[in-house]
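Mind docking chains E and U on chain L? Use the hints.
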Amino acid sequence: MAWHKPTSLAQAMQSLRLTSTLTKPSSQASRTTLNTLRTRTYATEAESVPAAAAPEINFGAFSQKPARIIPSSPSYFSGSPRFIDHVLQLEALQAKHASLPTVATSEAPRMAWFKLAQFRDFVGEPVPMKKYKSLVKILQRLNRIQPDMVPVEVRDTLAAFLRPGNPYAVENVPRTVDENGRARGKGKRKESSAVVQLVEGEGEVLVNGKSLVEAFKRVHDRESALWALRCTQRLDKYNAWITVRGGGVTGQAEAITLALGRALLLHEPGLKPILRKAGAITVDARRVERKKPGHVKARKMPTWVKR
Amino acid sequence: MASSWCWNCLSRLRPTPRALLPPSATPRISSAPFHSTAVHYAQPAKKKGNSLTVVKHRQSTSLRRKKKKVADRGGRPPAVGERKALRKRIVLSNPNALEIEGMLELSPETMVDSRLRGTVLGLPVPMIDQLRAVQAFKPKQGWSIFRRPGTVLRRDTIEMGRLFEQISGEGDDAQKGKVVKKIVTGMKGSGKTVHLLQAMAMGFLKKWAVVTIPDARDLVSGDTAYAAIEGSNPVQYVQPSATSALLTRTVDANRELLASLKVSQNHPALKMLKPSSTLEDLAKLGFSDPAVSWKVFQALWAELTATAPAAGLEKDFQPRPPMLVAVDGLAHWMVESAYRSADYKPIHAHDLAFVNHFLSLLKDGDSLKNGGLLLYATSSSNNPNPLALKIALDRLAARQAGISDSSPEYPQPEAYSKADPRVLDLLQAAEKAASPLELQTLSGLTRDEARGFMEYFARSGLLREIINDQWVSEKWSLSGGGIIGELEKLGRRVRATASASK
Amino acid sequence: MIIRKLCMRQGRQLLALSRRAPVSSRFQSTLPETPVETLQASIRDEISRPENPLLEMVQAQYEASTPAQQEFTSDEPHRSNFKKLGTTVKSSYDPEDVIRNPPKPSQISLEMLLAAGTHLGHSTSRWNPQNSRYIFGIREGVHIISLDVTAAHLRRAAKVVEEVAARGGLILFAGTRKGQKRAVVKAASLAKGYHIFERWIPGSLTNGEQILGHCETKVVNALDEELPNFKADLADRPSLKPDLVVCLNPLENVVLLHECGLNNVPTIGVIDTDADPTRVTYPIPSNDDSLRATCLIAGILGRAGEAGQVRRLKMAQEGRTSYTPITAQELRLDPFTGMAPGGEGQKK
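Chains L, E and U, in that order, give the protein sequences. The first sequence: position 33 = 33 (the UniProt record's numbering), numbered continuously. The second sequence: position 251 = 251 (the UniProt record's numbering), numbered continuously. The third sequence: position 207 = 207 (the UniProt record's numbering), numbered continuously.
In isolation and in its complexed conformation, chain L is listed as follows (with noise of 0.2 Å):
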């Protein structure tokens, strides 16, 4: 019968009740309370079976006996447990050493956390980039720690974040000139790439295969795409051999610039200040804002007119 296993919360309804009013209530009366509060049960509570009488305890088997199913998480109903759960260990680690000293962002150790994938992957739930980037931020900051000061806890922890392998280990090798004397140079402009051979040479000048004349119609194209050069009073000094690909004509030529700014670097590194001054071996990172719905262009809006 129902009326058997009263509810918990119907329970807890009850002794309210008793300690609140002096008079207890029949018996009878709170069995048919009971009945018509009954409309569900818990769900951590078994189906009502019928009574039977309480048999001999056995401690051994009593902690055997399972009891309840229970979320194993506190942030089970937020929908992704887990990463809740690493996020407020890490609160709680970072608030706990507040106090200890930290080093510039620039002398912290490099860590390579994971990336969005990978993390997903570890914690096994959707979790958006917004979210994450705010764990990276309290790893950051944990990180920053003095490196020698850093309580051993921290440190498990935030090795437990880190990607497998080690990116950072792989330092890179800083470009020169090949054993052939070609420096290899790369520019981007606008949608243009340019890739460019420099070799001491007598000034001659091949791009795509084509004479300078052939590949740039424009006087003022021909001298902005030799200007690394040019600026540098380098023209008779070296060949270049160019390659360049997509674009425009003023976008291949400022390619050009960049790329040839960037190989001549190689060869005289000495010529930095000059091209920096000069706007050669300065990337322009400017590209076509995207068109809008609702506008003629990018920014453009229609006409309005009054009627």
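Wrong hints could be hidden among the right ones.
Stated by the list, open to error - One-sided and incomplete, this derived list gives chain L residues near chain U with beta-carbon spacing under 7 Å:
id, residue
1, A67
2, R68
3, I70
4, Y76
5, M149
Unchecked claim - Here are the computed lysine-lysine pairs in the DSS-like style, where the Cα-Cα straight-line distance is at most 25 Å:
id, chain 1, residue 1, chain 2, residue 2
6, U, K231, L, K65
7, L, K133, U, K178
8, E, K489, L, K210
9, E, K489, L, K217
10, L, K137, U, K178
11, E, K140, L, K217
12, L, K130, L, K115
13, E, K67, L, K306
14, L, K297, E, K271
15, L, K306, E, K68
16, E, K207, E, K369
17, L, K137, U, K181
18, E, K390, L, K210
19, E, K369, E, K176
20, L, K130, U, K178
21, U, K178, L, K96
22, U, K181, L, K130
23, L, K217, E, K369
24, E, K207, E, K188
25, L, K133, U, K181
26, E, K188, L, K210
27, E, K274, E, K284
28, U, K314, L, K65
29, E, K66, L, K297
30, U, K314, L, K96
31, L, K237, E, K138
32, L, K300, E, K66
33, L, K300, E, K68
34, E, K66, L, K306
35, L, K96, U, K84
36, L, K96, U, K231
37, L, K131, U, K90
38, E, K188, L, K217
39, U, K218, L, K65
40, L, K131, U, K181
Hint data in this document are derived by calculation from the structure and do not stem from the laboratory. C-beta atoms are modelled at their ideal positions from N, C-alpha and C, and glycine is treated no differently.
Coordinates of chains E and U only, in the frame set by chain L:
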């Protein structure tokens, strides 16, 4: 709005009869005359200005702007041919440019002097009319910025000068009567046409007979009259007016030479020719009557290439001089022309008798009996770019580089490409002729030549820069390795800051 | 006439007077003489020493290996010595206290509630008339919530939380406003409950299989020790539902409360004067815009839950449970059909 109730007496006012009211656009207000007469008879209230414009249906709502009227400049339109004349006008002198002190002229001595390499030599003033007559100058070659026309003595020029000496039978290794055939190519602005001009100038200096076709396109563009030669198979076509124009040019340019030569052959086709007339008279027959111009041209050609007089005409025979034949824009002759045959098929350029005559000069072994120079230049400014010519020129270059035509490196037309077999056959035969065809590719100036050229600009007052090796090599690189046309563009660019900084 | 008006005016005051006196005496848990000090003292007694990494460093000074660590830890005694110098401020307010060490339900006093600002409602124009019975009056155009009602409802809610905890129910603390995170987490950890401090994902109850299906559950015994043997039986169980939801900001969590209503989950909510009290089962009329007030309420409820858990574990130590434990046999049955997984099991 006035109410139809009188609020003092609370009685409903009788409305005015319709007929009494003036026809107006105002809303009809029904009330008694003693209450609101003024309202009725007042003028209808004027609407506000902007609401007067009636909005039509289906009108666009976008911004309406007044269209600009095309400015009417008034006056009459330019006369027929005026604008073309303006376009084709050739100005050879700029009185504002500085006179260059000690500028040498092109002469039989200077044109072979390798010490003068890189200097700009002026063209002799009396020769300019001759050069104008053969249309050696082209409008956009920058002649108009200098005081007087002059050309750079570059390596190719000196070599050509030596060639002229050889063929004329002078100098160290004289080879009188030699025929040299060349096709001149090169990038745009590399000086091909000016090279022809230099050749013509040298031809005039050496008293050669100079026959030129300044623009090969004129013969195939369908602008001039043409007629089929009866009985020819395959059908050939003559262009009388173009022929007479050529005769005019030739006579104007070589008047002195032609006047000194007498007719030495029999010309049965030309009945009106007197036996003792000069070649000038012969040619004049042609341009007075275009109908006979082709026959006159053939007669003149026979006279100029004659090595010995015909029987009975030995009296005044003088040995004929070598000839210079210069054609500019060869590629136009390697495609089908704009002319149509009787059954409305395009006529191939090789079927035009006039064109065929000049092309056969390339092919035949000793086409110029008295020796001479054939210079056929391609052009890159108005170029039909036929595939067959490209292959043929590649083959020519390969042969010059010593690649035999059985070797796999010898250029072949691509499979299924529509290379014109007539063109390939023509040039193949020309390669194997007794005096082989050569390919001369004009490249850029060397740095020294470029320096001389730029100094010429500076001395003419066009360029206000200190010309040193640094500067020259910079310009040399910018002009794609000394392409003279590009150098000229760089030289004439006026720098606003240059005068301020100096 | 005059007398009638006088009686009306004075009578109202008298009524108010007579009402207020028993309220104060009934709801004040502490003596009226020095209520604040006793509260402070009682709280101070229970202050546990917070974990201080600096102290750990001091203790680890002897083991300090690197010179930097030695330098840092050697300064620490001086620092702690200097901290003791100067005056000591006795009755100062530390905003962290209510989170670190929340009061017990038995310590609820009107002073505490007043200090936390639970009585401040919203502008009168924004009120929900259903709250009129919790409203004491109007001051400067703002509704004032009656503190005694707040205290009574808070006690009732604490009792509910405690009893549910004592019967092994799942208590979910939800406070999705900015700044409520720590209080919610702390309350959940005290009551061994569950917390939500970010957005409630709609459908977590009504469509739990989809949204919470991947979240882990476990089988525990009455002593809350995990029994790993039953892990395989948890595979296709429906997702769990809370048995009580405590919502600190019901206005923003209408969906959560609606889902609870659909699933017969009782709810406790902090009801401000502009909120609808019928959305929750057990309203606590209080200011829900003050962090201090909501943190206090969350803390008290967390403490109540803690007490309930202690009771439950004590009973379990004695081998008793106040709820019907799930049996091993039931665990093995298919949760939807009630049949054995093989398909031939007997219907229960």
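These are the hints, each one checked on the structure:
Among the interface hints, the one on L:A67 holds; its C-beta lies about 4 Å from the nearest C-beta in chain U, closer than the 7 Å criterion. A hinted interface residue such as L:R68 counts as satisfied when its beta carbon comes closer than 7 Å to some beta carbon of chain U; here the least separation is about 5 Å, so the hint holds. With a least beta-carbon distance of about 6 Å to chain U, the hint placing L:I70 at the interface is held under the 7 Å criterion. A cut of 7 Å between beta carbons decides the hint on L:Y76: the least distance to chain U is about 5 Å, and the hint holds.
Because the smallest distance between the Cβ of L:M149 and any Cβ of chain U comes to about 5 Å, under 7 Å, the interface hint for this residue holds. Distance restraint check for U:K231 and L:K65: the Cα-Cα separation of roughly 14 Å lies within the 25 Å cut-off, and the hinted pair is therefore satisfied. Under the criterion of a C-alpha separation no larger than 25 Å, the hint pairing L:K133 with U:K178 is consistent with the structure, at around 18 Å. Taken as a hint, the E:K489 and L:K210 pair is honoured in the structure, with Cα atoms around 20 Å apart against an allowance of 25 Å.
Distance hint between E:K489 and L:K217 is fulfilled; the C-alpha atoms sit about 11 Å from each other, no more than 25 Å. Proposed proximity of L:K137 and U:K178 is supported: the alpha carbons are some 18 Å apart, at most 25 Å. Pair hint E:K140 plus L:K217 holds up; C-alpha atoms about 17 Å apart against a cutoff of 25 Å. Pair hint L:K130 plus L:K115 holds up; C-alpha atoms about 13 Å apart against a cutoff of 25 Å.
Between the alpha carbons of E:K67 and L:K306 the distance comes to roughly 20 Å, so the proposed pair stays at or under 25 Å and holds. Between the alpha carbons of L:K297 and E:K271 the distance comes to roughly 78 Å, so the proposed pair goes past 25 Å and is violated. Taking the CA atoms of L:K306 and E:K68, the gap is near 23 Å; set against the 25 Å cutoff, the hint holds. Distance hint between E:K207 and E:K369 is fulfilled; the C-alpha atoms sit about 17 Å from each other, no more than 25 Å.
Between L:K137 and U:K181 the CA atoms are separated by roughly 18 Å; this keeps the pair inside 25 Å, and the hint holds. Between the alpha carbons of E:K390 and L:K210 the distance comes to roughly 17 Å, so the proposed pair stays at or under 25 Å and holds. At roughly 11 Å between alpha-carbon atoms, E:K369 and E:K176 fall within 25 Å of each other, so this suggested pair holds. Taking the CA atoms of L:K130 and U:K178, the gap is about 17 Å. The hint holds against a cut of 25 Å.
Annotation: proposed proximity of U:K178 to L:K96 holds, straight-line Cα distance about 21 Å (limit 25 Å). Proposed proximity of U:K181 and L:K130 is supported: the alpha carbons are some 18 Å apart, at most 25 Å. Proposed proximity of L:K217 and E:K369 is contradicted: the alpha carbons are some 45 Å apart, above 25 Å. Restraint check: the Cα-Cα separation between E:K207 and E:K188 comes to about 31 Å, which exceeds 25 Å; the hinted pair is violated.
For the suggested pair L:K133 and U:K181, the alpha carbons sit about 18 Å apart, so the restraint of at most 25 Å is met. For the suggested pair E:K188 and L:K210, the alpha carbons sit about 12 Å apart, so the restraint of at most 25 Å is met. Of the supplied pair hints, the one linking E:K274 and E:K284 holds, its CA atoms being roughly 13 Å apart against a limit of 25 Å. A threshold of 25 Å between alpha carbons decides the hint, and for U:K314 with L:K65 the separation of about 17 Å falls inside it, so the pair holds.
Restraint check: the Cα-Cα separation between E:K66 and L:K297 comes to about 24 Å, which is no more than 25 Å; the hinted pair holds. Straight-line distance between C-alpha atoms of U:K314 and L:K96 comes to about 32 Å, which puts the hinted pair past the 25 Å bound. Annotation: proposed proximity of L:K237 to E:K138 is violated, straight-line Cα distance about 37 Å (limit 25 Å). Distance hint between L:K300 and E:K66 is fulfilled; the C-alpha atoms sit about 21 Å from each other, no more than 25 Å.
This hinted pair checks out: L:K300 and E:K68 have alpha carbons roughly 23 Å apart, not beyond 25 Å. Annotation: proposed proximity of E:K66 to L:K306 holds, straight-line Cα distance about 17 Å (limit 25 Å). As the CA atoms of L:K96 and U:K84 are separated by approximately 22 Å, the hinted pair is consistent with the 25 Å bound. Between L:K96 and U:K231 the alpha-carbon distance is near 35 Å, which puts this suggested pair outside the 25 Å criterion.
With a CA separation close to 41 Å, the supplied pair L:K131 and U:K90 exceeds the 25 Å bound. With a C-alpha separation of about 11 Å, the suggested pairing of E:K188 with L:K217 holds against the 25 Å cut-off. Restraint check for U:K218 and L:K65: satisfied, since their Cα atoms lie roughly 13 Å apart, inside the 25 Å limit. For the hint linking L:K131 to U:K181, the alpha-carbon distance of about 15 Å falls within 25 Å, and the restraint holds.
Hint compliance for this structure: hints 14, 23, 24, 30, 31, 36 and 37 are broken, all remaining hints hold.
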